[in-house]
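Starting from the known structure of chain A, fit chain E onto it as the hints suggest.
If you're matching them up, the sequences are chains A and E in order. Sequential numbering of the first sequence, starting at 1, is according to the UniProt record's numbering. Sequential numbering of the second sequence, starting at 1, is according to the UniProt record's numbering.
No lab work stands behind these hints: they were computed from the structure. Every value quoted in this text rests on a predicted model; they were computed, and no experiment measured them. Treat the hints with caution; some may be incorrect.
As the list claims (entries may be wrong) - Sample of chain A residues facing chain E (criterion: CB under 10 Å; computed from the structure):
no.	residue
1	Thr588
2	Glu704
3	Glu753
Ideal placement from N, C-alpha and C gives every residue a C-beta, glycine not left out.
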Amino acid sequence: MRVDDLPMDDKAKRMRDLLSSFYSPDPSISPSPDSPSSRPQQITLDDINSTSFDPDHYMNFLVEKSNLEGLLQRHVEMAAEIKNLDTDLQMLVYENYNKFISATDTIKRMKTNIVGMESNMEGLLEKIMSVQSRSDGVNTSLFEKREHIEKLHRTYNLLRKVQFIFDLPVRLGKCIKSEAYADAVRFYIGAMPIFKAYGDSSFQDCKQASEEAMAIIIKNLQGKLFSDSESIQARAEAAVLLKQLDFPVESLKARLLEKLAQSLSNLQLKTKELSNASVDSKDSSKEESISCSEPAAAHEASVREFAEALRAYCVIFPDSENQLVKLAQDLVTKHFETTGEYVKERICSAELLRVLRVIWKDVLVMDEMLHEAALPDYSLEAAKVAVKQYVASRFSHLLHDISDALTKVHVRQKDGGKEYSLQVVLETSKKAVLQGSMDVLLDFRQILEDNLELLVNLKDLIIDLVQEGFQDFFRALDDHFLLLSGRNISPSQDQGLTEGTQGDKAFAGLVLVLAQLSVFIEQTAIPRITEEIAASFSGGGVRGYENGPAFVPGEICRIFRSAGEKFLNRYIKMRTQRISLLLKKRFTTPNWIKHKEPREVHMFVDLFLQELGAIGREVKQILPQGLRRHRRNDSNGSSASSRSNPLREEKLTQSNTQRARSQLLETHLAKLFKQKVEIFTKVEYTQDSVVSTIVKLSLKSLQEFVRLPTFNRSGFQQIQLDIQFLRTPLKETVEDEAAVDFLLDEVIVGASERCLDPIPLEPPILDKLIQAKLAKTRDQIPSAS
Amino acid sequence: MQGGSSGIGYGLKYQARCISDVKADTDHTSFITGTLSLKEENEVHLIRVSSGGTELICEGLFSHPNEIWDLASCPFDQRIFSTVYSSGESYGAAIWQIPELYGELNSPQLERITSLDAHVGKIKCILWWPSGRHDKLISIDEETLFLWSLDCSKKTAQVQSKESVGMLHNLSGGAWDPHDVNAVAATYESAIQVWDLRTMKKTNSIERGHVRNIDYNPKKKHILVTAEDESGINIWDLRKPKVPIQELPGHTHWTWAVKCNPEYDRLILSAGTDSNVNLWLASPSSSDDITSEGLVDSPTRRLNPLLNSYSDYEDSVYGLAWSIREPWIFASLSYDGRVVVETVKPFLSRK
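So here's chain A without its partners, still in its complex pose (with noise of 0.2 Å):
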């Protein structure tokens, strides 16, 4: 149903809708084509055309709604549509049945024609089978004769093979002489199949003449392949030729590279000849090009000649490059393997590179020869390998180095027990230090300049290597040193006790070396080495920034200025205990509390100027001299000076026991009121720092080792005789006076303190027996100096 595009007034169409709703038999698809702007109108007439229309109920909406003449003007309306309805109706069958009739001749005219076509039909079927019938007579008639020519072709065929084969052992022959192996062998295999099928019955001699022949022709073959003085072409040939023979090609291959392989070794040797040339070289004189060019011509002969070897070889087998690369690759791997023995000893950057521009050489000379093998990258890589060793043996040299400038000096003492001096220990080792990194980066430096190609595609990897050296090999020092001093200090200890030995001391004094050579290194030669690598060894890069350069200065001065504090004060430390020792030996021995009257300074006091006197001696060869009283502020610990010496005197005069306790309750008065004196401040690297940083410290153990025992008043008086003494000889070799005078009266107080009867000596007395000892003293030094 479709609505046509010519004009229809609503009413026309609305009577087509409903007579093709008719039509349909569904009459709710009827009105689904209408387009949508006549829908408005059909749905207010819908009423009247829907099947649920109802009569009563449209009139009575209708005379509801409308007026007479409303009601009039719609019958007329309604008149009038009924007839057009009618008219439409009419003209509609009208249209069906001419339609129908025009069908009805159409269908007529059809069934005429038809009628004459089956006559043609059979006609042609019957010429069609004529044709076949006549086709089938030909071919029977012609079949007989194929069959025989065919027969007669395949005997002839026949006959020529076996012609062929009887004829065979003379062509051979005839290929022998003319050397036309190749026509032979393909002839030979060209009638194996018939030798194998009938060789043992009819062909039997002809096979074995022909047999013969090829033996004589593999033979020739063979020769020809290892000839060396044939062509490379016709060396060739021959193995291909064998190869086709089925003659087993693998173990003539492997015979051959056994011969290569022989030869590399002849090659080794010489490159370790070379190398033993050069270090000899080194020895006779500057010269090393001239000295060392004979052996490296030689050298470079062979190698061509290898290399040559190896190219016909490829040539001859062509399938057997992999074992060639290997082969070639042994070589330049075992280059590198002497390289690397050779790295080992002590060499200079110079020797290195002169071995490796020899190995650099064969490789080219080879990789010409054999492309495949990649040798210059497998070289580059041994390369790295070497370089990374030789950085790390220079390294590992220079550490030797320093430690044995170290250790030497100390053994030496230990043999011969003689006076050594520190200075010199610590001299050296600066210089070792410092000339050593010198020299070591002068060495990088030329390799580095070096324009061999090998090297130049290594320089970032140099550079880095060597960064990264320097920052492990500082760090390996510092390993080294902290081992240097670490070694000795347990037996040190356990030793102490009994013997205060000589090697003791000197160990000592090569911890002072050492902080002293570690301040040296932060300052002076990391600051120097940064610079020098700044400029010649920036760059790099290989490891990627992320990781930040190889060579981290600051680290290294931290680490070093820590090792400094720690091995000086380990110093301080390790006189401080014998000097604790000794004082400890002092107020443990003896019954205190039944104690003889003093008659002359202890001779435990001279102890322990002594010991000062060769810490003192050792400190001025090691440090620098102090310029400036130590800071105040640096103090970490302190304690009250509770006594002013005035008072104390008079104090220790009143030997009224019954003061004592007055007297406490002063000292605690005091106490409040008297300013802190700094006992224990920084350290620092000078003289005075060091010295009475351990005067200080043995004063405060001396006077906890007053502080225990339990003294009579002659033990009490000693002591105070024993102070006295000390107090001029302290003062005069430490700097802060004032810390050592509070520090002694500590020491009488503390004894004091812990003394049943404390009666002070007579200032008299106390004088006479100082003025005693201090004349025994004189007598001494000049008879003893």
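Showing chain E alone in chain A's frame:
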């Protein structure tokens, strides 16, 4: 480092060396301390930390006949303690009992339960079994180690066994292993030796001289901490007695005393003659075999083990005691008789 301003102080009349936590007092955090005065009448002070922790209250003040060189409280009876005393020439050791109702008495006297008077030499210290009720007692003098059997009710103490170590070794102190009732570590001039009390035989030794003080880690077996004159503090594993598992720098001068915290196993307190008390955090030592401090210098170990340094002291600090009841509180005693009680709470969070 902050000063010691956070601590609360208490002054003794005279100089003093030793202070001890009253372990058996479960109701209060209290300490007991005794003075060291050669000529005056010495006193034992029982000090209690007030409930707010802001004050130190003197709970009891008792006179003691001689100057006190060592003092230890009984771990199971808060009224009992031991002292080692000296009268100038001779040494003695005794077990004391604080009288009941001492607060109401005018001038309370200590009851002497018994004297440990088998000693000949200088008595160094008396050890109680540190963790709980045990009727044994150890006393150490310069040459001999005594094991006493104590009966508080009968007021007797009998020597159960003794072992003389000879004249050459000078015993200087010791510690009773809290994990093993039969093991006691004694310090010598040149070594630390561990004794088995059943056989009175030496079972283990650490060759290390100048040990001033020694303490077992109460939380970890086999771990021993020593304080040494010059070498600071060393932490040892008795199974590996060759080298310390950790070294701490200690003090500027001698490290006199060292105490492991009873609760937080890595906290160590040390007192030194540089008038400081230092609080340390030992590195977790479960698996590491650090042989020497210097050789293994990985960045992680660069953490400063020193948590705090309390420096509010006028003189050398000899006495040191953690409180068991409140393990974040410790008392320290400097030679001038000043008791300072501090809390380490601010540092616990950093563990």
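* Interface hint outcome for Thr588 of chain A [beta carbon to chain E under 10 Å] -> holds (8 Å)
Proposed interface contact between Glu753 of chain A and chain E, which counts if any beta carbon pair is under 10 Å
holds (7 Å)
* **Hint status (Cβ of Glu704 of chain A to nearest Cβ of chain E, threshold 10 Å)** => At 5 Å from the nearest chain E Cβ, Glu704 of chain A passes the 10 Å test, so the hint holds.
Taken one by one, the earlier hints all hold for this structure without exception.
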